[in-house]
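Enquirer: Spelled out, the chains give:
2 protein chains.
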Amino acid sequence: MYRTHNCGALRMADIGKEVTLSGWVQKSRDKGFMMWIDLRDRYGITQLIFTEEKTPPALFEMARSLGREYVVTVKGTVIERSSKNDKIPTGAIELEVLNMEILNISKTPPFTIEDETDGGDDLRMTYRYLDLRRNPVQQSIIFRSKLAMATRKYLSDTGFIEVETPVLIKSTPEGARDFVVPSRMNKGQFYALPQSPQTFKQLLMVAGLDKYFQIVKCFRDEDLRADRQPEFTQIDCEMAFVTQEEILNTFEGLTKHLFKETLGVSLADFPRMTYDDAVRLYGSDKPDLRFDMPFVELNELAQGRGFPVFDNSELVVGICVKGEAENNSNKDIKKLTEWMQRPQIGAKGLVYVKYGQDGSIKSSVGKFYSEEDLKAWGDKMGAEKGDIVYVLSGETDKTRKQLSELRLEMGRRLGLMKAGDFKPLWVVDFPLLEWDEESERFHAMHHPFTSPKQSEIPNMLNGDHETMKNLKADAYDLVINGSEIGGGSIRIHDRALQSKNFKLLGFTPEEAEEQFGFLLGAFEYGAPPHGGIAFGFDRLCAVLNGQASIRDFIAFPKNNQGRDMMIDAPSIISGEQLEELGIDLALKEEV
Amino acid sequence: MYRTHNCGALRMADIGKEVTLSGWVQKSRDKGFMMWIDLRDRYGITQLIFTEEKTPPALFEMARSLGREYVVTVKGTVIERSSKNDKIPTGAIELEVLNMEILNISKTPPFTIEDETDGGDDLRMTYRYLDLRRNPVQQSIIFRSKLAMATRKYLSDTGFIEVETPVLIKSTPEGARDFVVPSRMNKGQFYALPQSPQTFKQLLMVAGLDKYFQIVKCFRDEDLRADRQPEFTQIDCEMAFVTQEEILNTFEGLTKHLFKETLGVSLADFPRMTYDDAVRLYGSDKPDLRFDMPFVELNELAQGRGFPVFDNSELVVGICVKGEAENNSNKDIKKLTEWMQRPQIGAKGLVYVKYGQDGSIKSSVGKFYSEEDLKAWGDKMGAEKGDIVYVLSGETDKTRKQLSELRLEMGRRLGLMKAGDFKPLWVVDFPLLEWDEESERFHAMHHPFTSPKQSEIPNMLNGDHETMKNLKADAYDLVINGSEIGGGSIRIHDRALQSKNFKLLGFTPEEAEEQFGFLLGAFEYGAPPHGGIAFGFDRLCAVLNGQASIRDFIAFPKNNQGRDMMIDAPSIISGEQLEELGIDLALKEEV
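Sequence lines, in order, name chains V and Y. According to our numbering, the first sequence is numbered sequentially starting from 7. According to our numbering, the second sequence is numbered sequentially starting from 7.
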């Protein structure tokens with residue numbers, strides 16, 4: 007037996023007991039006549055003590071020989087510490103070691119195994135098994151486990167059944183790129199890894215399973231932006247015989263439960279906002295509502311006064327930043343303007359109006375507008391003495407996106423996005439389709455299985471092109487603090503409507519049949535009305551912990567090139583394997 | 007709102023209530039002036055009633071128009087049934103329908119949606135969404151969900167952390183064949199899908215996670231035998247600082263808990279048997295102990311008496327079948343002998359000795375052995391009056407396998423393998439290595455990471471070839487009713503020992519480094535002693551339900567050619583996809 011207790015267990019009440027512990031050498035302090043070692047495991051740290059007086063010389067020597075991260079098992083007596091450490095739960099005691107065995111030695115780790123490490127990202131990923139020994143990373147992984155358990159318990163307790171859907175499925179070119187798997191038994195054919203279990207969960211509803219969930223790995227072969235992973239995890243859910251209202255209530259309940267269970271935070275009822283309002287008021291379909299600072303449109307007040315930039319703009323829109331008039335010098339504003347003009351944001355310029363504490367009004371467009379004009383802007387925007395207003399103009403969509411960036415930057419600079427403050431929001435009434443000017447075709451705003459609102463069905467079946475652009479769907483996102491953590495919709499359950507949607511999305515009837523014939527077929531055998539939602543589980547972990555990156559909530563993440571640095575995957579495979587699979591490499595020489 | 011109650015909810019106490027139900031039309035009975043419809047959902051069946059007297063004619067007409075599997079929502083009043091059905095929980099009431107809407111129609115299903123269906127396997131798999139509507143299949147899927155939840159709860163409550171390991175990993179030719187995934191971002195390179203998370207769970211132990219579990223999909227590209235799936239699910243577990251004893255106790259605890267939770271069955275402590283004993287006594291490393299009927303070796307008593315077949319055999323071994331002497335005519339025994347001689351078993355012949363109720367002894371080898379000889383056999387085998395003894399002989403391994411088949415067949419014929427009777431068994435002390443005469447190399451009996459017993463380590467590091475053949479490992483299987491439902495081992499945590507094992511298994515040092523360098527490297531940074539186990543989750547579901555096949559416990563299984571008949575996968579992918587992935591098809595024309 008390697009231990010009677012773990013390294014976080016011993017307390018004053020254990021004094022006098024003879025115990026066995028096992029763990030890693032975190033650090034040692036050698037005073038010559040006395041020596042202490044911090045022994046670490048997942049559960050905590052216990053201090054070991056060796057003294058010239060009591061420790062046999064050979065044992066003392068062995069203790070001195072231990073390096074960082076050596077693995078030992080020790081037997082000893084629990085004694086009271088003379089100087090207690092109230093920062094750790096075991097800080098009142100220490101272990102007077104009687105016996106020790108070195109279970110394994112360790113080379114010096116390539117970075118320090120401390121809360122703050124000196125290791126860079128690549129090094130940490132290559133030695134992820136050492137990075138995972140660090141308390142913050144280990145706690146993130148443990149948090150994830152708890153969150154998954156709490157999710158499963160809540161959903162099981164409310165009648166949901168967890169069903170495993172297959173990982174080896176069929177490639178469908180719609181949406182993102184699939185990872186594919188060549189089939190040896192069916193040469194020339196491929197499985198695909200699921201981007202989500204969407205069609206399977208719908209089939210489970212057709213099958214009468216009624217309430218389904220699964221915490222499930224999904225796969226997308228996309229060019230990886232920062233903080234995207236080729237494999238990621240979803241809480242995937244579907245219900246039959248439900249309206250949007252019931253789905254929102256069910257998963258608002260889940261979300262509240264998870265916050266309560268894992269953080270002890272009680273969330274109030276979630277507000278709802280239409281997609282159109284979110285975009286109009288915050289320039290984003292995932293507004294961070296930890297602070298308000300809504301957009302105010304100024305077209306009426308700012309156009310037709312002879313300022314050509316505004317006059318020629320589709321939209322003139324601003325935000326009011328409270329109490330910041332005096333804190334921003336012309337130099338500061340110049341720098342901010344340059345920040346807005348970077349290619350990532352692409353604003354042409356930035357107009358400001360300062361409403362001074364002394365009643366003065368100063369603006370970069372002062373020569374085009376009277377003080378009365380600027381006062382009217384301020385009134386519309388709710389600006390008071392001491393506030394500053396920033397205004398952008400241009401093409402509507404672009405301008406909103408730029409102003410959204412500015413709004414978030416103001417939130418960051420003013421500390422308005424507080425850790426521990428959670429502002430959930432349902433964004434509802436998404437458009438069904440999105441017209442892509444470039445490819446001259448519709449894309450599904452959510453996915454091809456999303457239903458238009460009941461009232462829109464006749465429009466969808468018979469409407470013209472303009473009507474299609476304006477169709478609204480029973481589609482919704484759950485947004486927390488500016489992160490989309492979930493999204494879903496009521497689905498189509500009628501073959502004719504689904505076929506129409508495929509047609510709008512540019513599928514020929516043959517392509518629709520080839521790729522989704524099984525689903526269209528299923529709709530002919532009594533498919534019930536149904537809908538669902540999927541949560542990004544990695545993102546949910548991060549948001550609950552106020553972290554920007556999902557990386558530390560994934561035990562073995564891949565880097566931005568899709569590589570696992572630790573195991574060095576992907577890698578080449580043997581010619582024999584390729585032959586068995588019936589494929590050749592078609593590599594062109596890079597020049 | 008589609009329903010106020012589900013179809014399994016209403017009772018006498020609800021009489022008089024106005025309720026809304028939704029579901030599928032299971033069947034209807036039309037008496038002309040009166041009509042009943044069984045409305046079905048996941049939760050049960052509720053009877054709807056329509057009467058000439060009370061139902062508006064248009065509604066009655068609509069009811070008559072409904073076909074099997076139509077989806078409807080009905081509003082009505084709960085009334086007491088005149089003739090109650092005590093076979094279903096809602097059998098005391100029926101719903102007098104006031105209002106009905108047809109939510110979806112259905113074509114006539116290709117097979118009956120009943121407990122016993124008329125659909126063949128292929129048809130059921132093609133329309134799996136209809137097959138899943140059948141109660142036994144739906145209950146199997148729900149059982150699986152419950153079993154997973156009970157597993158997770160038990161392991162979480164005992165300090166295990168569920169960690170998701172990656173699905174896109176590295177191909178390693180050892181073991182079964184990998185499914186591989188071409189990487190678009192790293193052309194010419196491939197990920198592999200995990201055959202198990204073995205190395206990752208070991209790295210989690212190196213990382214100090216201490217107690218890990220995961221219910222996880224695994225993948226093997228094998229030629230599918232009956233009841234094998236290319237993707238299957240494991241309960242995968244690992245612990246650090248543990249001995250084999252602690253692992254066996256922990257997972258015996260889990261297994262007992264699962265039986266209690268899902269079946270209400272209390273299992274007694276599991277017996278243990280060494281691999282050598284299991285093979286010697288039952289000819290199998292997974293004996294079905296619902297009945298005993300052990301092997302008895304007769305070499306001493308049967309050789310040297312002038313019967314050349316036995317004299318030239320490595321092993322003479324038999325079983326005693328109680329009370330079956332009088333039930334087997336010579337014709338029966340001839341048929342049984344032919345059954346044993348089929349190529350699947352391959353016995354050369356079958357010797358019997360009947361110990362008659364009248365004290366007579368009859369045997370097919372009576373002319374070679376005296377009655378005294380045969381009596382001595384009987385004594386050794388515990389044969390009493392009325393019993394029959396079957397004896398096989400030949401090369402030891404083959405003979406044991408043949409006799410094991412005979413033993414199981416006797417168990418089946420005599421009804422000794424009772425449903426609801428569960429006989430778990432730990433088989434321990436597996437050999438570390440298995441010598442393959444054909445390829446003249448060692449194979450790992452469990453896997454290449456399994457540790458020899460502590461006492462065997464010096465033998466392994468320094469022993470000769472014969473010593474290697476006899477090394478015993480800390481490896482164990484959990485067997486229930488003749489099915490292996492779990493297996494595991496204490497792992498190697500020392501680089502030198504692991505390297506030695508790779509060498510024995512035929513890896514060059516370069517190959518070992520190329521494929522498992524990350525693990526060997528991890529062993530140099532304070533790897534703790536560790537070990538674990540994995541349960542076949544699909545098989546566990548089947549064994550708990552006394553089912554031979556795992557198929558109905560998988561929502562969307564693949565057939566024996568690895569095809570998903572419903573979605574028709576695998577399938578061809580576009581030339582564009584192939585090009586992006588940097589691969590070509592290398593298909594040869596079949597002649």
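Since the hints were derived computationally from the structure, they do not count as laboratory data. Just so you know, not all the hints are guaranteed correct.
[Claimed, not checked] Lysine to any residue pairs mimicking SDA-like chemistry, simulated, CA-CA at most 25 Å apart:
{"no.": "1", "chain 1": "V", "residue 1": "Lys262", "chain 2": "V", "residue 2": "Ala554"}
{"no.": "2", "chain 1": "Y", "residue 1": "Lys223", "chain 2": "Y", "residue 2": "Met279"}
{"no.": "3", "chain 1": "V", "residue 1": "Lys152", "chain 2": "Y", "residue 2": "Ile578"}
{"no.": "4", "chain 1": "Y", "residue 1": "Lys266", "chain 2": "V", "residue 2": "Leu420"}
{"no.": "5", "chain 1": "V", "residue 1": "Lys81", "chain 2": "V", "residue 2": "Gly50"}
{"no.": "6", "chain 1": "Y", "residue 1": "Lys223", "chain 2": "V", "residue 2": "Arg569"}
{"no.": "7", "chain 1": "Y", "residue 1": "Lys506", "chain 2": "V", "residue 2": "Ile108"}
{"no.": "8", "chain 1": "V", "residue 1": "Lys509", "chain 2": "Y", "residue 2": "Ile578"}
{"no.": "9", "chain 1": "V", "residue 1": "Lys152", "chain 2": "Y", "residue 2": "Ser202"}
{"no.": "10", "chain 1": "Y", "residue 1": "Lys152", "chain 2": "V", "residue 2": "Lys193"}
{"no.": "11", "chain 1": "V", "residue 1": "Lys391", "chain 2": "V", "residue 2": "Thr256"}
{"no.": "12", "chain 1": "V", "residue 1": "Lys193", "chain 2": "Y", "residue 2": "Asp233"}
{"no.": "13", "chain 1": "V", "residue 1": "Lys193", "chain 2": "Y", "residue 2": "Ile578"}
[What the hints assert, rightly or not] Covered, in the sense of this in silico footprint (three residues per stretch, anywhere, with C-beta under 8 Å from a C-beta of chain Y), are these stretches of chain V:
{"no.": "14", "segment": "191 to 202"}
{"no.": "15", "segment": "522 to 535"}
{"no.": "16", "segment": "565 to 579"}
[What the hints assert, rightly or not] Some, not all, of what chain V presents toward chain Y, calculated at C-beta under 10 Å:
{"no.": "17", "residue": "Asp47"}
{"no.": "18", "residue": "Thr118"}
{"no.": "19", "residue": "Asp121"}
{"no.": "20", "residue": "Val212"}
{"no.": "21", "residue": "Lys217"}
{"no.": "22", "residue": "Ala232"}
{"no.": "23", "residue": "Phe247"}
{"no.": "24", "residue": "Ala274"}
{"no.": "25", "residue": "Phe276"}
{"no.": "26", "residue": "Arg278"}
{"no.": "27", "residue": "Thr280"}
{"no.": "28", "residue": "Leu584"}
Beta carbons are placed, not taken as given, at the ideal position from N, Cα and C, and that holds for glycine.
Enquirer: Given the hinted pair Lys193/V and Asp233/Y, is their Cα-Cα distance within 25 Å?
Expert: Within the cut-off at roughly 22 Å; holds.
Enquirer: Per the CB criterion, is Asp47/V less than 10 Å away from chain Y?
Expert: 6 Å, holds
Enquirer: Would you settle whether the hint for Phe276/V is holds or violated, based on the nearest Cβ-Cβ distance to chain Y being less than 10 Å?
Expert: 20 Å, violated
Enquirer: Lys506/Y and Ile108/V were given as a pair; does the straight-line alpha-carbon distance stay at or below 25 Å?
Expert: Distance ~21 Å between Lys506/Y and Ile108/V Cα, so the pair holds.
Enquirer: Less than 10 Å between beta-carbons is the criterion; does Arg278/V satisfy it with respect to chain Y?
Expert: 18 Å, violated
Enquirer: Does Ile578/Y sit within 25 Å of Lys152/V, going by the straight-line distance between their CA atoms?
Expert: With Cα atoms ~41 Å apart, Lys152/V and Ile578/Y exceed 25 Å; violated.
Enquirer: Quick one, are Lys223/Y and Arg569/V close enough, alpha carbons at most 25 Å?
Expert: 21 Å, holds
Enquirer: For the pair supplied as a hint, Lys223/Y and Met279/Y, is the alpha-carbon distance within the 25 Å limit?
Expert: Measuring from Cα to Cα gives roughly 30 Å; hence the hint is violated.
Enquirer: Verify the proposed pairing of Lys193/V with Ile578/Y, using a straight-line Cα cut of 25 Å.
Expert: 9 Å, holds
Enquirer: Take the segment 191 to 202 of chain V, compare each residue's beta carbon with every beta carbon of chain Y, and decide whether three or more fall closer than 8 Å.
Expert: holds (count 9)
Enquirer: Would you check whether Lys217/V satisfies its interface hint, that is, whether its CB is within less than 10 Å of any CB in chain Y?
Expert: Cβ of Lys217/V sits 8 Å from chain Y, so the hint holds.
Enquirer: Verify the proposed pairing of Lys266/Y with Leu420/V, using a straight-line Cα cut of 25 Å.
Expert: 57 Å, violated
Of the numbered hints listed earlier, those contradicted by the structure are 2, 3, 4, 10, 11, 18, 19, 22, 24, 25, 26 and 27.
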